[in-house]
Amino acid sequence: MSSVLLEVDDLEVTFRRSAGPGRKAASVPAVRGVSFQLEAGTTLGIAGESGSGKSTIARTLMGINKPSGGSMRLNGSDVGALRGRELAEYRQTMQMIFQDPYDSLDPRMKVSETLLEAIKLRKNKPASPLGEVYQLLERVGLSKSFASRRPRELSGGQRQRVSIARALCVDPRLILCDEAVSALDVSVRAQVLNLLKDLQEDLGLAYLFISHDLSTLRFMADYVGIMYLGKIVELGTRDEIFERPQHPYTRALLSAVPEPVVVDRTVRLPRVRLTGEPPSSTNPPTGCSFHPRCPLAQEVCRTTAPARRVTSSGQLAACHFAEPELVVAEA
Amino acid sequence: MTALLDVSDLVVDFPTASDGVFHAVDSVSFTVNAGERVGIVGESGSGKSLTSQALMRLVPSPGTVSSGTVLFDGAEVMGFSAKKLQKWRGSQTAMVFQDPMSSLNPLMRIGRQITESLQEHLGLSKAESRVRAIELLQRVGIPDAESRLSDFPGAFSGGMRQRVCIAIATACSPRLLIADEPTTALDVTVQAQVLDLLDHMATELNTGVILISHDLGVISSFCDRILVMYAGRIVEEGTAEQIVGDPQHPYTRALLASILKLSEPIPRRLKSISGAPPLAGRRASGCSFAPRCALAVDACLTIDPALVDTVNGRPGQKVACGVAAPAAFEFAEGATAA
Ligand SMILES: Nc1ncnc2c1ncn2[C@@H]1O[C@H](COP(=O)(O)OP(=O)(O)OP(=O)(O)O)[C@@H](O)[C@H]1O
Ligand SMILES: Nc1ncnc2c1ncn2[C@@H]1O[C@H](COP(=O)(O)OP(=O)(O)O)[C@@H](O)[C@H]1O
Ligand code: SF4
Ligand code: SF4
Ligand SMILES: [Mg+2]
Ligand SMILES: [Mg+2]
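Chains as they are written, first to last, in my numbering: chain A, 1 to 331; chain B, 1001 to 1338.
For the record, the hints were derived by calculation from the structure and aren't laboratory data.
Please note that the accuracy of each hint is not assured.
To be verified - Result set (EDC-like, lysine to aspartate or glutamate): computed pairs, CA atoms no more than 20 Å apart in a straight line:
# : chain 1 : residue 1 : chain 2 : residue 2
1 : B       : K1271     : A       : E259
2 : B       : K1271     : A       : E89
3 : B       : K1261     : A       : E132
4 : B       : K1261     : A       : D222
5 : A       : K24       : B       : D1013
6 : B       : K1261     : A       : D239
Stated by the list, open to error - From the derived model, a few chain B residues whose C-beta atoms are all more than 12 Å from chain A:
#  : residue
7  : R1057
8  : G1068
9  : G1079
10 : S1258
Glycine residues also receive a C-beta, built at the ideal position from the N, C-alpha and C atoms.
The following block holds chain A by itself, in its conformation from the complex (with noise of 0.2 Å):
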């Protein structure tokens, strides 16, 4: 059993709305008592709703949103107490993949200029800092030649390399990956996948995995968290979450996977459809958040809010009715 180097404990980030023509003033609760804990060398992969807190969470990680309760302890430590050079070391321990790295390139610097950056935060100096650039293009496939490049000569692929790279320079133990993968083409991403894999397997590094490809998170998870609106409603291994789903929103986010397969033009787009008004995250609906959308809402359901239990086949889910009987053979 591996050690547990990240736990989430109840968190709660809420942002606050101002005040605008024809609104009032309101706070935003975009992560509502999200819970999980990830083990070294590990993979959590998290889905859910646009807008559902994601993003929301892997920020606070990092430092950018701050929490407004609950807690976060990285190998033991509280977060919220470090101070000074400590919280400095634990920020290194985590670092963050965006989407788009464009956004996160110095498009002026050059590769070697970024990743020499990134160097000098860390603890050992290296003796030949340009000799750890090279290690590190050559640990992220790219040649030597890439050194002298900048982003715009760089295709997408090759500009997330440079971003792992970038990450690995101050020897972290937890990347945050916030849709890494999604705006590169299938046969570049398989190749980030494997990289990031073979990166895991040589280095032992955990990975919290955002994305809405739920088949990139089922190849690349241990564990999966579902989440709706604010809120984990699913967390489990990766079988649990993709053989044997309980909540129903899990159920309904796995239907709507578009798959190339022949599909009969007669019945066109032949996916289940969530129906209903998506919910306000500022007055998030009583009981259930999922039941006025919930093809088994119950009255139990609009009333109280489903706690998170183990269902008998192993994962935690928040539904009343998340019960081994309702798993529909899903053929």
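Using the hints, position chain B with the ligands against chain A.
Just chain B with the ligands now, with coordinates in the frame of chain A:
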């Protein structure tokens, strides 16, 4: 019947460092009928976005449309005056750009960005445009639509920004809608909702839709016809069934094989198409896919295959591969041997 849009032999050039030009889009021809859904797939850099920018006459400099015709309702778009062009773009067409942030102004409230465009293009009053803006945001599944009008783009999640752009593009009921990777930042349920909206426009409003994506899953579930692009060219075209069910070009096949499917066992490693597409401006002679092609024969290195009918007898399917369809070599420009 005249097609809504008829593009023929479109070429987009960029200057190269060595004083030459490179064809980022190379002799691309296709049509879009009213109410038709046409998909363009291909790796990044294959010319998908430039093709759509070119037919809207929006190619970024130093790029130029060096030849080709674009007929809209039979009228030559390349010949439009600046004034006519602007009117045409605003009233007949709409475009959803690949990067939502590039088309939204980060310093302007979302509401104003939508209402201004409605006032300008539809001549709505301030109050009318506000009501309409709320409807539009609701239609793309943005909760609390009314109060979110006063937000700046920064307070929207990635997927919400993308939906705002879609809302703006669909506002004026355009006759031609070009959507460039409109669903990459969306979860699959919202994606389905957005595709339904585009579907509604095609079916009910007879809008011709061009959907650009590298996701063959999205493209094949939505489109009537698919164009596969590689290195600036269309290398295969056909109906969704033809492209997914009986692909002829080795590149299309490789693309399909590299897709991860939920319905299949998880592989230990992912397959990718070995090698990389030719670098801009370094196109060798012969078939541009040859360096990566498992089926390449000697002729592929010298003859640049033409786009011809496939040999599987499926009407409308075309392929540019001399091994899959020998005629592609016979009809190649400047072919000396077959
Ligand atoms: N700076 C901010 N100010 C106000 N609200 C914000 C801010 N950033 C995010 N939000 C809100 O918080 C919620 C969660 O946003 P977040 O970016 O975490 O979503 P996400 O799950 O990453 O969505 P997507 O899949 O679309 O990227 C959304 O309702 C969003 O509008
Ligand atoms: N502004 C530009 N300057 C120089 N080359 C460009 C520019 N825009 C696109 N290109 C080149 O044109 C080719 C096609 O680009 P694009 O249409 O954006 O590809 P896609 O949308 O298929 O990913 C690429 O090789 C790209 O590098
Ligand atoms: S608690 Fe009720 S409304 Fe919520 S997901 Fe379960 S069945 Fe649906
Ligand atoms: S023409 Fe030759 S190199 Fe090109 S796709 Fe066909 S077999 Fe491959
Ligand atoms: Mg996000
Ligand atoms: Mg593009």
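_Please verify whether K1271(B) and E89(A) have alpha carbons no more than 20 Å apart._
37 Å, violated
Quiz prompt | Assertion that G1068(B) lies outside the chain A interface [Cβ separation over 12 Å] | solution = 25 Å, holds
Per the stated criterion, does the least C-beta distance between G1079(B) and chain A lie above 12 Å, as a non-interface residue requires?
-> For G1079(B), whose nearest Cβ neighbour in chain A is about 33 Å away, the distance exceeds 12 Å, so it holds.
Exercise. Decide if the proposed pair is consistent with the structure: K24(A) and D1013(B), CA atoms, cutoff 20 Å inclusive.
Key: 52 Å, violated
message = Would the hint linking K1261(B) and E132(A) be met if the CA-CA limit is 20 Å?
response = 38 Å, violated
- Task: Assess, step by step, whether the Cα of K1261(B) is no farther than 20 Å from the Cα of D222(A), and give holds or violated.
- Result: 17 Å, holds
Holds or violated: are the alpha carbons of K1271(B) and E259(A) at most 20 Å from each other? Answer holds: K1271(B) to E259(A) is near 17 Å, not above 20 Å.
* Does K1261(B) pair with D239(A) here, judged by a C-alpha cut-off of 20 Å? -> The given pair, whose Cα atoms are some 15 Å apart, holds under the 20 Å limit.
- request: Verify that the Cβ of R1057(B) lies farther than 12 Å from every Cβ atom of chain A, and report whether the claim holds or is violated.
  value: It holds; R1057(B) is separated from chain A by about 24 Å at its closest Cβ, greater than 12 Å.
Given as non-interface: S1258(B), which should sit over 12 Å from chain A by C-beta: S1258(B) not clear of chain A: closest Cβ-Cβ about 5 Å, inside 12 Å.
When the structure is compared with the earlier hints, violations turn up for hints 2, 3, 5 and 10 and for no others.
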